[in-house]
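> With chain A's structure known, arrange chain B on it following the hints.
Chains A and B, in that order, are what the protein sequence lines are. With this note's numbering, you'll find the first sequence wraps up at 409, consecutive numbering, no jumps. With this note's numbering, you'll find the second sequence wraps up at 409, consecutive numbering, no jumps.
No wet-lab data here; the hints were simulated from the structure. One or more of the hints may lead you astray.
To be verified - Heads up, simulated DSSO-like pairs for lysine-lysine below, C-alpha to C-alpha not over 27 angstroms straight-line: (1) B:368 with B:342; (2) A:297 with A:368; (3) A:342 with B:57; (4) B:297 with A:57; (5) A:342 with A:368; (6) A:297 with B:368; (7) A:57 with B:137; (8) B:297 with A:297; (9) B:297 with B:57; (10) B:297 with B:342; (11) A:297 with A:57.
The primary structure of each chain is shown beneath.
Number of protein chains: 2
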Amino acid sequence: MAVGLSPPGKLFPVSGVTLGVVSAGIRYQNRNDLLLIEVNEGTTAAAVFTQNKCCAAPVLVAQQHMQQAPVRALLINSGNANAVTGELGVNNAVGSCAAVAEQLGVDANQVLPFSTGVIGEQLNMTALYDGIKSVVSDMQEDNWLVAAEAIMTTDTVAKATSRRIEVDGQQITITGIAKGSGMICPNMATMLAYVATDAGIDQAVLESFTRRAVAASFNRITVDSDTSTNDALAVLATGRSSLQINAVDDAAAEPFYCALESVLIELATAIIRDGEGATKFVRINVTGAYSEKDARAVALSIAHSPLVKTALFASDPNWGRILMALGKSPIGRLDMSKVDINIGGVSLIEQGEPAQSYTESQGKAVFEQPEITITIDLNAGDVDDHVWTTDLSHDYVSINADYRS
Amino acid sequence: MAVGLSPPGKLFPVSGVTLGVVSAGIRYQNRNDLLLIEVNEGTTAAAVFTQNKCCAAPVLVAQQHMQQAPVRALLINSGNANAVTGELGVNNAVGSCAAVAEQLGVDANQVLPFSTGVIGEQLNMTALYDGIKSVVSDMQEDNWLVAAEAIMTTDTVAKATSRRIEVDGQQITITGIAKGSGMICPNMATMLAYVATDAGIDQAVLESFTRRAVAASFNRITVDSDTSTNDALAVLATGRSSLQINAVDDAAAEPFYCALESVLIELATAIIRDGEGATKFVRINVTGAYSEKDARAVALSIAHSPLVKTALFASDPNWGRILMALGKSPIGRLDMSKVDINIGGVSLIEQGEPAQSYTESQGKAVFEQPEITITIDLNAGDVDDHVWTTDLSHDYVSINADYRS
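Excised from the complex, chain A in its bound form:
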């Protein structure tokens, strides 16, 4: 069902990062559901987490550990989100970090816990502790693909990408994985994503790069406007290559940042391409906005409209619904008589009215494509923005009415 999404291509190992997976039987049987990522000493790490106020125990613990000590390991389980599990949930998350720490000979607060899956059930700690004991014997540098598979829930395709590029004369690698398909909406690092590089990146620089790249990628995607309780993204820089970036204005900073951003955009859009029930991959551009806030509000109003989304599913270029969703967007300055709308290169609306040149068959041809770009020019200023989204199909309803997530 995923739109234009193939299984991952070649994934380059990242020096300083080993990964292990195991079938711990936390919820799923006979498939890997536990992933351990270990990084060498001296690795810098930056992470962003869900802004949902109902956030899961591992999110709270990971945020705390990040502030206390340098990261040495990440433990991720699928099948159970350890969310709305109270004090016991927090203790279980801390306990799993301690168990990993014991196996690896590091401190418990150097381990970050992550969980994804069903909300409101306590973790099966016997299964988890047994899994932790066995996963450490599987640690390898080239386990990125099985790692991507181990963290899947309703995903239909594993999401991973890799770049090996030359920056400032040094060859470096960036490899990342992500999972996510439903309960996807901006305002955080959506769902789980882990990206590592062997470049050495100063802590403050890495944090700045991560914030900026997340703004350009994960915070621009929405499947269903719903924000997960467990979202997290971590970027790890092991410093094993010869490239070292100490400041955002280093010569190598910009080319490295661009590569990092392209990895995050590829992972974020893979989540949309594999959005629950998705039959369309849609980019909504807003141009000529008065402010960034206006541009984003208009893009999200259109992306979240159930009537626009069902029209996309129907391949119906129903511009009345697009205008309706534009008109209801919560922005102060909106002159409908100045608005131009273009779909896939075809002019649909000019100055608020159907374009003279537009024909229904032109619109239909664009909307029948699996990938659609809708551009709304507000002609009110010079700010642009965009989001990526999906349609709303029968399969979205089936997946979420039949599957107890």
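Frame of chain A; chain B shown alone:
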């Protein structure tokens, strides 16, 4: 498919109001699609309109006419919304008022035009003018039911209600009709509704009553978070009975207002019961909020969540999704550890965690009912609010992916 909604019961005529319907063939064939309502001289009228900035030509014209002259007639067509139709659309709306005015011997600006149906097509003015000529020979006091039927689009049941009550020793009548099923979200008078009474109500009092009653009814409903381009509600007071209300503190004001509000709530909730694809009628109460804004934001965040709505469709008491939707609501003060949630009398969440007493079978029994009440107590203040909404079903997708509205 409508939830607990029967065809209208007895509808009392309102002295001073006559209604006529005709099959004008504007879009539908062989069904009435044009309604004319005429009111006697001296009638006061109040109306509220969509706040969608992409509003239809008849909305613009009706708002203008309301300011210019006392209302004598309302012309409503279904099948074509006359929205996004530019200057020609406005001219057509004005032209239809002039045609009605000529037939009734009133001024054109004493006629209010309303349209509902497909967006972006010009009205068939030949059909409309012919319809206006014939509809005037059908004007009767007891045409309320056929009037409710003539304005339906995707509605499956006609929506109308009537009260004959004694206020201050005087018998008065309030009768109203409404239409609406999709593109339903607060922030206006949702879809079309017309309510008339034979009480005499001072203009300022009627406006105040209308605003207050709409806030308690139409502005508390949402099917799909989408706001129509054509929404309008009008309340007409003919003054033909002996009851005259001149100020909001008249002795008769409060009992009259309560009857008016109950008519509006019945019509508004009928729209939800007949919401597109609805299999559930859901009331979401928020109690103990810090402010009205917080209470409404939380109620709407839950009512608009596709994951909550699909769980409702599945009769799945998936409280993880309710907490997720609560946690993502855009309010500043939210202490999840204070939150209590109750569904249909069953305690689900206490102080942010699953209630000790709660069992899955209790929750399932509540969610299998066609009518569900979810109460979220934020324990943060003393403000309460509520909204009414529906689930998200396969039929919602079918109706909106197959039907070109």
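> Compare the structure with the hints numbered earlier in the document and write down the numbers of the violated ones, lowest to highest.
2, 6, 7
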